[in-house]
Amino acid sequence: MTTVLLDGVIRTDYGQFDLTWSDDGGFDGDWDRFFAGQANGLVGAADPDGVYINIARRSGGSPVRIVLLDTPPGDPDASWDDVVEVSTVVPVGVDVRWQTWAGEDWGRLEAIVPGQYRVRVNARGRDAGSDGEFAAGAVDWYLIELWSAPPAPDVIVRTGSDNAAYWHGEVGDRAVTR
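So the sequence shown is numbered by the UniProt record's numbering: it starts at 1 and just counts up by one.
Be a bit skeptical, because a hint or two may be false.
As the list claims (entries may be wrong) - Distance ranges between label pairs, derived from CB positions:
| no. | residue 1 | residue 2 | range |
| --- | --- | --- | --- |
| 1 | GLN116 | ALA39 | 17 to 27 Å |
| 2 | TYR166 | ASP32 | 16 to 26 Å |
| 3 | ALA135 | SER79 | 12 to 22 Å |
| 4 | ALA152 | SER59 | 14 to 24 Å |
| 5 | ALA135 | GLY37 | 18 to 28 Å |
| 6 | THR71 | ARG33 | 11 to 21 Å |
| 7 | THR71 | ASP28 | 18 to 28 Å |
| 8 | TYR166 | ALA36 | 31 to 41 Å |
| 9 | GLY29 | THR2 | 28 to 38 Å |
| 10 | ASP95 | ASP131 | 17 to 27 Å |
Treat the hints as calculated values from the structure; they're not laboratory data. Note that the structure is a prediction, hence the values are computed from the model and not measured. Even for Gly, the Cβ is constructed at its ideal location relative to N, Cα and C.
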């Protein structure tokens with residue numbers, strides 16, 4: 001079964017989108033804290049207070065869909081240019097929410113209960129999002145899938161955009177402290 005938790009155009013600043021469960025959560029610019037030990041540069045899951053997702057469009061609106069799955073998804077659809085998977089743990093006694101930069105926009109994700117999760121972020125149009133910051137309509141799209149799973153290393157499943165390749169090279173590979 002698939003439970004849709006969010007499906008809408010989310011207006012971001014600085015391309016910041018977080019899944020968080022702490023008042024202290026949310027990306028604060030500390031790449032090492034969010035990407036420590038990870039190979040990818042798009043989805044930071046090393047911080048215990050949440051997961052940072054780098055949206056290609058710096059400002060403006062990008063369609064974001066978040067779904068909770070009962071079982072692991074199959075292979076990602078070929079229409080998604082960039083796909084990354086990470087693991088995270090949602091602790092007991094927290095409220096899970098999504099939020100944009102500085103908490104400007106947010107919403108609750110009440111169906112996510114405490115436990116271990118795998119998070120797959122699928123992206124399409126990252127190059128257009130990076131280049132089309134002031135475009136009138138949507139130019140990049142995101143599907144965030146979550147399912148119960150034991151912790152595992154992050155995986156870059158697919159890189160099809162120059163934008164994702166840049167971020168993987170710039171922020172990823174933090175297995176060794178820089």
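Cross-check of the supplied hints:
1. Take GLN116 and ALA39: their Cβ atoms lie about 20 Å apart, and the range 17 to 27 Å holds.
2. Our hint of 16 to 26 Å for TYR166 and ASP32 holds, since their Cβ atoms are close to 18 Å apart.
3. The given range of 12 to 22 Å is respected by ALA135 and SER79, whose C-beta atoms sit roughly 20 Å from each other.
4. Restraint check, ALA152 to SER59: a C-beta distance of roughly 34 Å breaks the suggested window 14 to 24 Å.
5. Take ALA135 and GLY37: their Cβ atoms lie about 35 Å apart, and the range 18 to 28 Å is violated.
6. In this structure, THR71 and ARG33 break the distance hint of 11 to 21 Å, their C-beta atoms being roughly 32 Å apart.
7. Checked against the hint of 18 to 28 Å, the pair THR71 and ASP28 fails, with Cβ atoms roughly 34 Å apart.
8. Look at TYR166 against ALA36: about 20 Å separates their beta carbons, and that is not inside 31 to 41 Å.
9. Checking the proposed 28 to 38 Å range against GLY29 and THR2 shows it holds: the Cβ atoms sit about 34 Å from each other.
10. Distance hint check for ASP95 and ASP131: the Cβ-Cβ separation is about 36 Å, which falls outside the suggested range of 17 to 27 Å.
The earlier numbered hints that this structure contradicts are 4, 5, 6, 7, 8, 10.
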